[in-house]
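Trainee: In case you want the letters, here they are:
Protein chains: 4
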Amino acid sequence: MDRNILIEELSQIPVEKQAIEFVERKGIGHPDTIADGLAESVSRALCKMYLDRYDRILHHNTDETQIVGGQSAPRFGGGSILEPAYILLVGRATTNVNGERLPYRTCAMKAAYSYLQRTCKSLDVDWGVVLDCMISQGSADLRGVYETQRKLANDTSFGVGFAPLSETETITLETERYINSRLCQKLPEIGEDVKVMACRNGSKIDLTIAAALVSSKVPDGGHYISVMEQCREEIADFAAGFTDRDLSVYVNTADDHDKGIYYLTVSGLSMENGDDGSVGRGNRANGLITPMRPMSMEASAGKNPVTHVGKLYNLLSGQVAQKICDMAGGDILEVHTRILSQIGKPIDDPQAASANIIYAPGVDRSKYDREAHAIFDEMLQNIDTLTMQIVEGKVTVF
Amino acid sequence: MDRNILIEELSQIPVEKQAIEFVERKGIGHPDTIADGLAESVSRALCKMYLDRYDRILHHNTDETQIVGGQSAPRFGGGSILEPAYILLVGRATTNVNGERLPYRTCAMKAAYSYLQRTCKSLDVDWGVVLDCMISQGSADLRGVYETQRKLANDTSFGVGFAPLSETETITLETERYINSRLCQKLPEIGEDVKVMACRNGSKIDLTIAAALVSSKVPDGGHYISVMEQCREEIADFAAGFTDRDLSVYVNTADDHDKGIYYLTVSGLSMENGDDGSVGRGNRANGLITPMRPMSMEASAGKNPVTHVGKLYNLLSGQVAQKICDMAGGDILEVHTRILSQIGKPIDDPQAASANIIYAPGVDRSKYDREAHAIFDEMLQNIDTLTMQIVEGKVTVF
Amino acid sequence: MDRNILIEELSQIPVEKQAIEFVERKGIGHPDTIADGLAESVSRALCKMYLDRYDRILHHNTDETQIVGGQSAPRFGGGSILEPAYILLVGRATTNVNGERLPYRTCAMKAAYSYLQRTCKSLDVDWGVVLDCMISQGSADLRGVYETQRKLANDTSFGVGFAPLSETETITLETERYINSRLCQKLPEIGEDVKVMACRNGSKIDLTIAAALVSSKVPDGGHYISVMEQCREEIADFAAGFTDRDLSVYVNTADDHDKGIYYLTVSGLSMENGDDGSVGRGNRANGLITPMRPMSMEASAGKNPVTHVGKLYNLLSGQVAQKICDMAGGDILEVHTRILSQIGKPIDDPQAASANIIYAPGVDRSKYDREAHAIFDEMLQNIDTLTMQIVEGKVTVF
Amino acid sequence: MDRNILIEELSQIPVEKQAIEFVERKGIGHPDTIADGLAESVSRALCKMYLDRYDRILHHNTDETQIVGGQSAPRFGGGSILEPAYILLVGRATTNVNGERLPYRTCAMKAAYSYLQRTCKSLDVDWGVVLDCMISQGSADLRGVYETQRKLANDTSFGVGFAPLSETETITLETERYINSRLCQKLPEIGEDVKVMACRNGSKIDLTIAAALVSSKVPDGGHYISVMEQCREEIADFAAGFTDRDLSVYVNTADDHDKGIYYLTVSGLSMENGDDGSVGRGNRANGLITPMRPMSMEASAGKNPVTHVGKLYNLLSGQVAQKICDMAGGDILEVHTRILSQIGKPIDDPQAASANIIYAPGVDRSKYDREAHAIFDEMLQNIDTLTMQIVEGKVTVF
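For the protein sequence lines, the chains are A, B, C and D, in the order given. Residues 1 to 398 (this note's numbering) make up the first sequence, in order. Residues 399 to 796 (this note's numbering) make up the second sequence, in order. Residues 797 to 1194 (this note's numbering) make up the third sequence, in order. Residues 1195 to 1592 (this note's numbering) make up the fourth sequence, in order.
Read the hints as simulated data drawn from the structure, not as lab findings. Accuracy of the hints is not assured; some may be wrong.
To be verified - Cross-link-like lysine-lysine pairs, in silico, DSS-like; alpha carbons within 25 Å at most:
1. K1517(D) to K1588(D)
2. K657(B) to K1141(C)
3. K1517(D) to K259(A)
Stated by the list, open to error - Here chain A is said to cover these stretches of chain D; the calculated rule only asks that three of the stretch's residues, wherever they fall, bring their Cβ under 8 Å from a Cβ of chain A:
4. 1236-1243
5. 1373-1385
6. 1472-1478
Unchecked claim - To list a few chain C residues with every Cβ distance to chain B over 10 Å, as calculated:
7. E804
8. V864
9. Q1147
Every residue, glycine too, gets a C-beta built ideally from N, C-alpha and C.
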């Protein structure tokens, strides 16, 4: 197959050299990220159910979870959730096959319940949230496109990606992961609802972190302040490992302790008290929000991993860009990739694909063009391996 | 206090002697009874929360649970719930006290979750139902009436009661309890959704029972039939202990095995598959539906046990009637009681109360009039002991 | 056909002669009655849809509407609804026929919307309530029973009826109708949420009426009091036309004007402010709640009018009782009727039917036995005419 | 005030000169855009309510509408909506002020209802959708920040903008507007759910349009095809007015008439049949999705227009970029702007602001630097005029 792949040089200053960078990551407990996580876990559970029963993944898209924030009354040493947050699973699924009706909603409910159990350690999932499900069957036409044997694009859509992550991007991503893995074991007062925003101004990086504390584990304001201080120090140490730039860390800057304003929550989650959340409003497929980078508006979480180009092409674009970078060592400074589908056409044969490359000064691009093309071509050819990586959770999508 | 209590002779043929009797009991797993049970357990939990925090029970009425039946696909040896039933807790509660906001919805959710866990043994409560809660604050005016120190009637309403239960009524009540306690241990195939309907025609009693079997425990039609047969026999033996009348037992008469129609469910509950339920649509406060007896339309389940005359007077009426019967040995054949409140007046001083008594032939009623009056008077005086009996679950209300 | 009909003499004091009577009617704007009205209007609309398309009424039961009260802030001369009441239509319907999918929910929504528009004149239905619908398909088994050509009972159930209405019952019924037709035209301040409770103690009748006023039409407390006074007088005049007994009328007795408590509403409906409502919790099929009369717990509203014995037998029992009374002039003082179905058997051939008759003193009952039997037999034979009367709204069911 | 504004030269190939461009606009009837439109109309209505009552806009954010697609059965010349789409308004509002409770939900419901009435001409809003509202009060802390007199940033967040629109961007935006204004008057068969995707490859522009037709206005397949053809021609003519490039127009490419697949809808909206929608998933504040341009993930629609930097800075960034372009005539080819807030600081004094400018070859940038700075400074100074432009609908945000 002769795929329509274009490799071009990009004459642009790499992000790392630009004056200003803004980067943001909404942590796993942020309402938008919980919505993403639920949507994706539901899709994966449906995939497994379809595979178990029919040896193939049937049509579904569960990329529309809505979280309606609850009401809570945290207080030092205790507090309670007054009105549970309401979580509505929304989307489309194949609900019956040849007359057999499938337990699609029970499957979704179970996946969502388990995801919350695993992810939100201080939340009592049994009665601390209302979990509802309005997933139902999709339009017959779309299912028509889907149910063919060949994997055809479900939409005219595109994916974009880039590599490598800049230093600031890496710090943003890794810091949130650090807080929600090792740091929260050391400081169990920290809840899962963490937001990291980085602003690099020249050679100075400001890392602003909002972290909800779990009220039952914080007996008083003194304890709170000491946790915040320790938190700030640990993060500064951790982040310093990624950069030589001048790095400042700020935690919970909206606090105003004189007025009694602390970022306290009963469950470690701001959705308990008025923060709503929705799929696709937060992190892109690479885990970050990067306003000066190529970004797609597509929500990857919850989309079916077989024919949904909005999901597959965004993930693949990132992987291709990374692989091209890796291949060239330091000769390539930045790669931007794009893939455009055409509805009804095979997904491994896009309407257009391109890689725009910023080379290091003095590099002979002709040396890399063919190789970059080959990488792109091969990864498109093997796009269906991506499907099972997604189903098995080997690829993160938010 | 001089209470307005009237004791009258009733010249009527006692139910036991009438030609025909219809009696029904919806078992604890029937959708209407689950709604009742949820409403009552939520009310009791709120009572305890208010008592713990403020040493008194604050205003609430949670007597409006709606169950929307799900969709299921039971089959011999397995099956699954396709779409979980939706359970909506509805009602009013005191949501804050002197500026303190109370966890009223979490309290209700927890009580409902626990009730389902305890009651529905084959239901996976975590994902097999959607549990939602729209309980919120009531109208300020009604709360005004409530929040006085003295216990005043919340409405102009009445309660009615009778005693003793007829033989047919006793059989109906005890048979359901037997099935849902001892029999279901012997025959674990039997789910909680049991309905008992008795029709006595002269000296012949027909007991028609619908009992949902749990599909995973019934490998095939042969097993089903043998369980049905054993079930029928055990019930016939059990019920025969209550009567000398000619008694026939019919189980799952809507089955049509030739057409493949069996009463199979995944969870032992018909609400899993299209049966809706609602508070106050089933059993009266004495556990029975008795169309030829005095009955109140008030739903007792879920009403507050402090000032809600619809709950208190219905329960008290039954207790008074029973106590008057007991006092007279066989001299009194039947007692009908009624109590009428007046909104805003103390609940221990009703607008009107009456006991209508059917005496055995030849009995001198003057002998019992004073005593009956005294019983009624004393029980009204002590009506507030009923409140804690309800909170502690010592009195059943459905 | 030889129907199993029993005509018996009943030796009992007629209600009219008993010492005490309690009667209640929840008016058309009471939350429970609105729920009934919605359920019935939805059923009738579905009937018409099925008749239009297939010339027969298909299976449905929409007898489970839940109303969750809203929040409002009425004030003299104005006020507003803060949070709309939530109305959930629940039930079962035939959702597709031979592969044709039917607009069952749109049909239900339209019927409910129109019913509210017609019935609740001061409610802005477009945004003053949330109208939701969870009606979906029923269990296949029940539909199996239904879809046969012959009309077979859907359940083992019974209906009960009586006639004539006592004076107090008539007054209760007619007073509410009067208020919601002629009186509210004269006094447009009166909303639809009216509740009438009558208590007859010997020859004295107390009529207690709660009537929500529409706040925008009541500029101040003085106006309120004058409307209440006029309301009381008009009702007293009206009710006096039905009785020679001593009759007292009380209106809005829960008011406490010194404390600023008036029964004011923005929409004329208490559901706007915390009053919940549910089908089958209020008036019986004859429009009344009569605790000392034979009553069925079945909700008639919303049930299908073809095979649902809970609906048909309750309505028919009342009609048969009335017709027997009418036939005998004053010779018959009271008739109680009962009809018992057997699931799967033709509805015109019940398992048992009985009429228990209280004759006037000295009347020769043999004279009427045969005629009563004939009436009962004929009306059972023509029970299917009842179906279309219900569909066309010629029979009221709440 | 000395604002922190940086004007820099950007050395990059302007989008107009790059090889490939992807641009998308989801039309006003697309489910995501309807969600945006509802969210924004609710916010504007709340603003007006607060202004009317308190002369200032109080805290709210209603940027989380969830649309759950319904089920429909369109057919040539007719068809019907089977299950109405469910629309859930979500968000936070100020619910009472100094003890006065506000009609915040009624206000939201009314705004949403009216918006649907105005926007969706073939939808029967009364019963063709379920409109629900879970807007409630926000967290006290955030409200604290809000309720100060000075306008302080509600978050650490950023806005990005660019100007001018490229030719392809202009065509995409204007074509959708043209279809939903003039063209749909000429061809009333066209519904509001239109999606325009443009792909420019060098000097060739492909315009792919999906347009839902209203089934009742399309008697048969022949009519459909002729409307499609006319639609295609009219759009080609219209779009040609914006470009000299080679432009191809494709309409409803997912159709497969041989298999009976047409893009038919009852209401002109795909949400009627399984298409879900959500705020912030579609167009950015400038009305477009432009993956190769700087984009913010913030949903502008529904956010409060007083302190929400996510809304204000995105809008302002675009306006500043445009004004700088306009000022320089053709000397400036492209402007990228960014504004970064700091939570709790005045919104007119951001933490950082920058304009990156691509000059035409040979232009002396020093000539424009001061002027660009002045424009940026002045527009930040007058940022509060933006608030009322938003409230009055003079600025579009999606």
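Trainee: Against this structure, judge whether each hint is valid.
Mentor: Results of checking the hints against the structure:
1. Of the supplied pair hints, the one linking K1517(D) and K1588(D) holds, its CA atoms being roughly 17 Å apart against a limit of 25 Å.
2. Distance check on the hinted pair: K657(B) and K1141(C) sit about 17 Å apart at the alpha-carbon level, within 25 Å; holds.
3. For the hint pairing K1517(D) with K259(A), the CA-to-CA distance comes to about 42 Å; that exceeds 25 Å, so the pair is violated.
4. Counting residues of the stretch 1236-1243 of chain D whose CB lies closer than 8 Å to any CB of chain A gives 0, so the stated coverage by that chain is violated, three being the minimum.
5. Under the rule that three or more residues need a Cβ within less than 8 Å of chain A, the assignment of the stretch 1373-1385 of chain D is violated, with 0 such residues.
6. Coverage of the stretch 1472-1478 of chain D by chain A holds in this model, with 6 residues showing a Cβ closer than 8 Å to a Cβ of that chain against a need of three.
7. Not every CB of chain B lies more than 10 Å from the CB of E804(C), the least distance being 6 Å, so the non-interface label is violated.
8. Chain B draws V864(C) into its interface by the beta-carbon criterion, the shortest separation being 5 Å against a cut-off of 10 Å.
9. Not every CB of chain B lies more than 10 Å from the CB of Q1147(C), the least distance being 7 Å, so the non-interface label is violated.
Hints 3, 4, 5, 7, 8, 9 from the earlier list are contradicted by this structure; the remaining hints agree with it.
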